[in-house]
Every structure is written in structure tokens, then in C-alpha cells.
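Q: Residue-level listing of the chains:
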Amino acid sequence: MSFLAPLYALGALAIALPILFHLIRRRPKAQAEFSSLMFLTQSPPRLTKRSRLDQWPLLLLRALAILLLALAFARPFLRSLAQQESDPIGRRVVVLVDTSGSMLRGDLWQQAQQQVASVTDDLAANDQIALLTYDSVVTSVIGWDDQTVGEASSQAERIRRAMADITPSHGGSDLGSALIAAADILHNTAESIEEGDVAAGEIVIVSDLQEGNDLIPLQQYQWPASIAVSIASVEPAEKGNLSAVVLPQPVASGDSKKPQLRVRFHNTSDSVNEQFMYFWEGGKEGEDRIVQVPPGESRVVTVDPPTGTQHVLRFVGDPQAFDNQVYVALPPKLQQRVLYVGSQAEDPQSGLFYFLNQATLGNARREVAIEQVEPGGLPADLKPQQTPLVIVADVVPSAAMAGLKQYLGDGGHLLFVIDADPKDDPAIAASLRELSDSPSLAIEEAKVGDYAMLAKIDFQHPLFAPFADPKYNDFTKIRFWSHRRLTLAEEDDWRTVAEFDDNDPALLELSIGAGRLWVLTAGWQPQQSQLALSTKFVPLISGMLEQGPNRSPLEASYAIGSEGALPVTPPCELVSPDGSRREIEADLPLEELKQPGVYRLIQSGVESSFAMNLPESESRTVAIGADQLEQYGLQMQRSESAEQIADRQRQLQDVQLESQQKIWQWMIFAALGILVTETWLGGYLAGRKS
Amino acid sequence: MSASTNYAPAQIDPSSLMRIKNLQLRAKTVVEGFYNGLHRSPFHGFSVEFSEYRPYTLGDDPRTLDWKLFARSDRYYIKRYEDETNRRCYLMVDQSKSMSFGSIDYTKADYTRTLAATLAHFLTQQRDAVGLMTFDRKVNEFIAARHRPGHMNRLLGSLDQSFEGTGTDLSEPLEQLAALVSKRGLIILISDLLSPIDMLRTRLAYLRSRGHEMMILRVNDPAEIEFTLPQAAMIRDMETGKELYIDPEVAKAQYQANFKEHETQLVAICESLGIDLTQLVTNQPMDEALYQLLSLQTRRSRGPLRGGSLSAAARGAAT
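Residue numbers (UniProt numbering), protein chains in the order written: chain A, 1 to 690; chain G, 1 to 319.
I should point out that these hints are in silico values taken from the structure, not numbers from a laboratory. There's no promise every hint is true.
Capping the alpha-carbon separation at 20 Å, the derived lysine to aspartate or glutamate pairs in EDC-like fashion look like this [unchecked claim]:
#1 A:456 with A:437
#2 A:333 with A:555
#3 G:242 with A:469
#4 G:252 with A:33
#5 A:239 with A:211
#6 G:138 with G:169
Output of the computed footprint for chain A on chain G, the stretches with three or more beta carbons under 8 Å from beta carbons of chain A [unchecked claim]:
#7 231-239
#8 244-256
Note that beta-carbon positions come from the ideal geometry of N, C-alpha and C, so glycine has one too.
Put together the whole structure using the sequences plus the hints.
A: Take a look at the structure:
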């Protein structure tokens, strides 16, 4: 038998107390009177001789109860019994390997592999190990389920092989989420094994711990006290790093109107260099430029990009080469047009086109021209790529109807605006019926009291999704003085995107072929409503344009591993920087693009490009200390010698054995039983004596 | 009358005696039982006891001349007889708290009360005047010595009263007695004498110097002599209320030694002062006290104590 807390066994010395009390002739409670005490002096209680011990059974019971209590506090357990039982579960270690972009520096990855190997070498027979890697996402390489207990060598071998297959990515490092994931694994495992099995877990971070690590998620996480964290850090031979970022907004140079790029250089505080040279890859001789960036500071320089759509800006003088190139995509602006089909109004300000023409729909990636055509002059060969949106506000002649239907079928987007009383022009309803193939469709003027407002809006719909935020979703200031009521058959596939507060649909959507038909039952000119004058108008029309074909990347450059998705309209082809091509069926998550470089997206014959670069945070390579992790409540493991580890292991095992066997509970029960017996016996003897 | 100790005493078991509730009856029982063992009557003798002849000198009362002797010898002689005056006898009864102790059926106070009643009865029957003084730390009651009808009842009534005494202090009662009793007489002190010795010596010597005869009857419980407590206990002093933890086994030897020492000192004082000390134990018959009284009277017939012995006793008291 062994004891978890042997010092408590000293409490067994209290066994001397009942013996002493039994030996002491007790100071009697009884009083007697005597005529005079003049011949007497106080005689102290004295120990009687051992042979005078009486009440042996009581003494034995009391001593036994004290002995049992002392032993129970010492938390005994049986080691031999434990060895007969199945082997207890040993340490649980989660190795958390940083595979972010900063690990590409020098020999950091080799160091990391060695650190993991040394962790696996220290494993005991009954230890369990799991391997997680993290960059911007956490990946479980080897979990608890992938191994069997007692195969230390095979565990080590398995981990070693797994590490050989892993290479660092170019992603950012989200250490906070990774730690939480690892802690959750340990915590959940500890709970699921057995109640009371409190074997603590350990997380070993193999990382360069560069300051760009994202620790913010830890702020809202209560770190479990039983999980310790140790750091197996890797360090580059040379410190310091220069990074460069192309700022999103190009500037136009004064004379040539040629866009210029602004590049921000940042030098880390531990750097020794402060003078660097940058140049465009493939550029001409003598175009090198020098930039002075003192350690810990940033510089923004304006550079002229070479002609072409994709470039690489490189710089030298920085010992860490992993981020010494910046990929820049400069795709040409898309030339698109929005076609307005309708008659010119006599008073331009009372027509739809006037306000549409004021809307700025172009951006850095496209130029949008808004054209008006009479219904009769509608071109027959509308291409969705060039004309992503057609707005119809008049009766479409039958001759042009086929062309519009073809346009819709090819993926075009068409907005049909009913801004006049259908009684004035009954052919409107007929046009819409023909366009949408809805024979039962009927239009009538709705009776509006003072005004109508948009009441039910589908914020899930891509058109209104940008307005879903509570800051922007107030549509009550847009009043509609009149609108039309559209009656549809129930079996029609129309989708109501927005409704007026009198339950009449305001905006309807119908998919036709690859394209979409929207019907707006009110006009946006001030005679009809306040829509055109509201801040919602341009985003709404722009959203219709964005929904159209040839959706291009939203930005020119992304960080690898960043969240979000590229809008893609199939069929589409993605050309990676290494030249590989693949078909894209749906919107492309950015997380899938792990290779830095310029990607090309070819949709319907139109090419757009964007660059993927290392996250800026990866270039902030100054290492943080364990104290920064401790600020988030992490329990840091101190470095221990092999003996200390073995000792701690043994302690841990003892705790497990003790908690499994719980002999102390039985001892407490026995002591209580003995005390009850002692009480009864004492009462019985006292009664007999009296 | 000459006292003889060659008789078989008619002893009465004190515990049987104590069952008699009436104190007078109890006293009678002892005295008459005592008489049963005596073959001489106590009613005769003292008044005709011849003392001495002395030649007549001028100034003597001619009535005292022994004319018969003058006829035979033609000389004038004065014939003197023993004084016929009855004695004055004072019983000093200790009523202190310690007298309430009793390890047997009755207490020392019961025994003392019976003893005092017995002696009073006995002395009354001898036509002596009997007085009573009860005391604890001070004098509780004083009844002057008388011999007249009803006096005995008064004594018994006083003795029969229950009392709540305090501690024993013999010095003040003895001093007061000396002040109260001007005529010489016999003073019988009945007490357990559980008090310091030193003051006792001075006071007793003072009484003796005033011509009083003294007799001390020391009454002790058997437990006081043997120190037989049943078990270790908190023992409370009956007089002072002080408590001590006493283990009889441990304390017995010391107690007995101290008790013996006290007794020895007491005996020494009494011997030096010519005081008759009788030790009585409450489980013993009371006749012993009567014998001692008789023997004292016998010794008294041998004449008063010489002055030299008194002065020696006084010197002993002074030292």
C-alpha cells in the first residue's frame, strides 16, 4: 500500500491521546465535602500504571478510529492492485506545430521537426500524443483515435512520418484559435475518459512565436487550469525582416494618368539593416530603387508599375527571403454598359433614366457606361458580358422580345420597371407576360393612401444582403407615392424579394435560363417615390450589376488564408500562378488558394486577375515571449529535468490510482462505524457502572 | 467518691442511640446506662468530705471549733470540710460547619449534641449548675450556668436547634467565655479542634490561669482519622468552601501525618496546661466522656494544680 499524502499519516500519532486519556486518572466531575482541608494539599491527576488501564475495548475502538481517519487523510492506494488492473492513462500531449508563412524562414522548419521529434522521444509507454498544425486554420494531423495506447515507438514513428509530409504554408498564424482547439481536445478527452480522472494535459507549441500571431481569440476563452502549455521555440539564425505591402488604392500620376502604386515597407524592430533595394521582376537594368527603412519603422513609396497585368516587386538586403516579393495584379478595367430601354421623357427629371444616369456604377475594376435606347431600337444581339444589366421601363415590341429572351437565357440580368398606371398602357402587362412566360400575370394600379413603404425585405437575397446590417437596414425613409399590384398564379416561380406594407410585392425575381428577371412595381423618380434620392439606390442598382455575368474579383490582392469567397459565375476557369488550370463550379473560397502569386479567372472569355500574397502579419517576425501568452491566462509549463518529469509522472499516476480506488472513502465509513460502536459501548458500560 | 475504672462499662451503640429522636431521652439513656455500670450512688458524699484540721487562731469563727476534739485534747482546733457549693460547669459546643461532616449515619454535630445533652443531664443530676455556650467563629448562644427546674429544658432546646455554622475559630469564643464567666468552674470544650494550634494555646492558658478547670472532648469522624474517601474527587472544604482535587491514595499518608502532628501538638498543650483531653470518635460510645468527667472530679479531690506547672504551661504558650 502507498500513500498519496504520507504526511497525514503523522496524524496517527494522535492515537497516543486516547491511551493517555485512559491512563490519566480523570479529574472527577463528582464533588465531595470534607470537614477541613487544613491537612491536605492538592494532588494532581496522575498517570496510573499501565496495568491499571481499564476499558480496553473502548481504548482499542478509539485508537482504531483515529488510525483509520489518519490513514484515510493520507489517501492510500494499492500500487500492486493497479498493476494488475489495466495500465492507467498517462500524459496527454498535444503538439501544436506552426505551419504559417513565417516558418518558411531559414531552417526553422527543420528545427520544428527536431523539436517534435524530441517531444515524441520523451513519451512514456502509456502517454498519448496528438499532432495539430495551424496556420490560419487548425488541422488535426494525428488525433487520439489514430493510435493505441502502449505503442510509444510507433507513436513516435507515426508523428515523425507525419511531420515529414508536412510543409509550411504561406498562410497567417492564428495561434489563439489553435490553442483553443487543442485545449478543447484535451478538455473534452479528459471529461470523456472517466469522471475523476484528472490527468492534466499538456500542449507543446512548436513555433517561432512571431508577433503576428493572432492571440485575440484567447481573450474570450477561459483557459482550463489543468492544461499546461510549454513552448518549443525555433529561432532563425539571422534576425530582422523587411516586408512590403501594395496599398489598395492606386494613385494617378499627374501627367500621364497612368496609375501608380503605393508600396509600404516595414522593417522589424530587431533588424540590423535599414537600407534596402527594390525592383520589378523582369524590369530593366537601372530601375532599381533604394528605400531607407529604420528598424521598427515604415516607409511608403510610390512606384511606377511596368506595363502589363501582373508583376512581382522584389527587394534585397533582407536576410529573410520568404516575403521578399510582392505579387501585384493590374488587370485592365472592364468596359461594361447598362442599357436603359425606354422613351425619353419630356421632362428629363420626371423620367427614370435621368436618375439612373447620375448613378456612379463604375469602380477600380470596371467602367460602366449607361445608355438609353428607344424600345424599337433595342439591339438584337445583346451580350451579357458587355451588357450585364438591361433596364426596361416601356413596352417591348414583339420584334425585340426574342432578343431579350435570348439575352436572359444567356445569363443576362433584366430589370423591368412599371412606373406608370397600367390602364394608361395595357401593353405593359402583355410585355411582361410574354417576357416571363406567365400568362396569368395581371397588373393593376394599387390604391395607396398617403404613401407606401417597403415592409418585408429578404435580406438573405444578394441584392439586399449588403443592407442586412442594422446600421443600414432602415428603409422606412423611402416612401412610395404610388405603385402597381402584380397578380401572379401560385404555381409561378416568382420570388418576392421585397414587399410593400400593404402586402403587394415591390420587387420580384424570376430566373430565366442562366439569367434573372427582376420586376420593380414602382418607379424611382420623385413623382413615384423617394427611392432614387435615397442612399440605397446606387448600391441596389450596383448590386444588380454585380449579380450579372463576369463578376470580377472584388480586390486586386488578397492575403493567403483570408476569409471570404470570390464571386464566380460558371463556367469559369482558374489559372494558378504555377500555370495549372481548373474549372470552378461555384464561388471560390479564398482559403483554397494557398499559393502566393497572381491568379487569373477566365469567365465567358473575359479574364480578370488578382494577386495572393503572404499575410502582412507573417512578416512581423519579432518573437514574443511566454509572458505574453500568460497574460491570456495560459498555464505555462516550466522547464523540468528528466527526473522532475518522471517524478511528476509518478505523482500523476498516484493521483490517478488513488482517485480510481478511493480506499479513503471505505476507511472513513469504517471509522464512522467504529465511532458508532464506541458510542454505544461507552453508553452501555456507563449504564452498567451506574 | 473515688473513681474506679475497674468496672465493665455498659456501652451503648451510638448509631442505635442516634435513632432516638428526642435529645433528652437520648441523654437519659446514656446517663442511666452509665449508672447501670456504677455501684456507687452519685447522690451522696461530696458535702461531708473531711478536708483538714487547723489550729484556732484569733479571728476564726468560734462556730467552726471542734468541741469534741477540744474535750479530748483541750486544744482548739478548727475542723474544715470540703466546700459544699455546687460546681459551675460550662459546656462549650462547637457548631462550626466542619461539625456537619459525617461519614457514617450521623454527623459529628449530632454526636456532639447528644454528648453535650448527656453531660448536661449527668451534671444536672449531680445538682451542678450547667451553662452552655455554642460557637462557631463567634459565640452563637450563651446560657449562664444555673440549677433550677426548667433550665435543663432550655439547654436541650438550645442544643436541639439546627445551626448553620461557619468556620471554627476558638480564640474569640474562649476569650468571650473568660469575660462572661467570673466564677471559677469547669469548662468542657466539645469540638473537633480543626483549627490552628497557636491561638488555642494562648486562650486555653488564659482560661486556666483564671482558675477554671478545663476538659476538652475532641470529637472526630472515623473518616477524619483514617482519611477514607471512596474515590478521587473534588473535595470541598466545608468551612471555607475551597475546593481541591484530592486523590485519597496519594494524599492519605500526608494527611495522616499532618493530622498526627496536629494531634501531638494538641496533646502537648493540654498536658502542659493540665487540661484533660479526651479523643472521641463518633462511632464509639459516649460513656468514655462520662468516665473522663468522673475521673476529673476524682483528680480534683487531690487538690488544685500547683502554680509551678501553670507558669510552665504559660511559658510554653509564650514560646
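Q: All hints, please: hold or fail.
A: Hints versus structure:
no. : hint             : verdict
1   : A:456 with A:437 : violated (26 Å)
2   : A:333 with A:555 : holds (13 Å)
3   : G:242 with A:469 : violated (93 Å)
4   : G:252 with A:33  : holds (16 Å)
5   : A:239 with A:211 : holds (13 Å)
6   : G:138 with G:169 : holds (7 Å)
7   : 231-239          : holds (count 9)
8   : 244-256          : holds (count 8)
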